[in-house]
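**Student:** Sequence:
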Amino acid sequence: MSNPRQPAIDALKVVASQLIVLHHLAAYGPVAETMYGTAPGPMGWLYDYGRMAVQVFLVLGGYLAAQSLMPAMAGDAAVLWRTLWRRYLRLAPPFLVALLLALGAAAVVRPWLADDFVPGTPTLQQLLAHAMLLHEVLGVEALSAGVWYVAIDFQL
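First residue of the sequence shown? That's 24 in this note's numbering, and the numbers climb one at a time after it.
Dumping the calculated SDA-like pairs for lysine to any residue here, alpha-carbon to alpha-carbon at most 25 Å:
id, residue 1, residue 2
1, Lys-36, Met-75
2, Lys-36, Ala-168
3, Lys-36, Trp-68
4, Lys-36, Val-82
5, Lys-36, Gln-178
6, Lys-36, Leu-107
7, Lys-36, Tyr-70
8, Lys-36, Thr-106
9, Lys-36, Pro-117
10, Lys-36, Gly-67
11, Lys-36, Ala-88
12, Lys-36, Ala-89
13, Lys-36, Val-120
14, Lys-36, Leu-112
15, Lys-36, Val-173
16, Lys-36, Leu-114
17, Lys-36, Asp-176
18, Lys-36, Tyr-111
19, Lys-36, Val-77
20, Lys-36, Tyr-86
21, Lys-36, Tyr-72
Just the calculated beta-carbon pair ranges, DEER-fashion:
id, residue 1, residue 2, range
22, Met-93, Gly-67, 36 to 44 Å
23, Ala-100, Arg-74, 35 to 43 Å
24, Gly-67, Val-141, 22 to 30 Å
What the hints contain is simulated information worked out from the structure, not anything from laboratory work. Glycine included, every Cβ here is placed at the ideal spot set by N, Cα and C.
Using the sequences and the accompanying hints, generate a full structural model.
**Tutor:** Below, the structure is given as structure tokens:
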């Protein structure tokens, strides 16, 4: 069963995602320093308030998860587990591909870029915890700055 598009939710997601991108440009790396010098007012606002758009995603994620899980919760446990498994299969593969690409890029630049935002070599525990989308729950250090959101989205 496919859910029909919800234009208002799609619009909120577009605006929130762009605010988050702009917040990251205003907060991290050399681009942030350069842009702040050029436009301190807008960059300061994006730094302070752009991250609040994450809350929009958390609320929308909870709403959409509840909407998709409610029919499954009315059925037996097997239906719920199948629904959760489908949700995992929808989120995990692209997440893991992106994570592996990020880790590969980090491995390439690590010898030349000694910075806190470049993750160290991952442990097996970190890789397994991330593959299960449980790294925060298990108290395992995140392998990349934004990976917490995908895990939270699944756990909703």
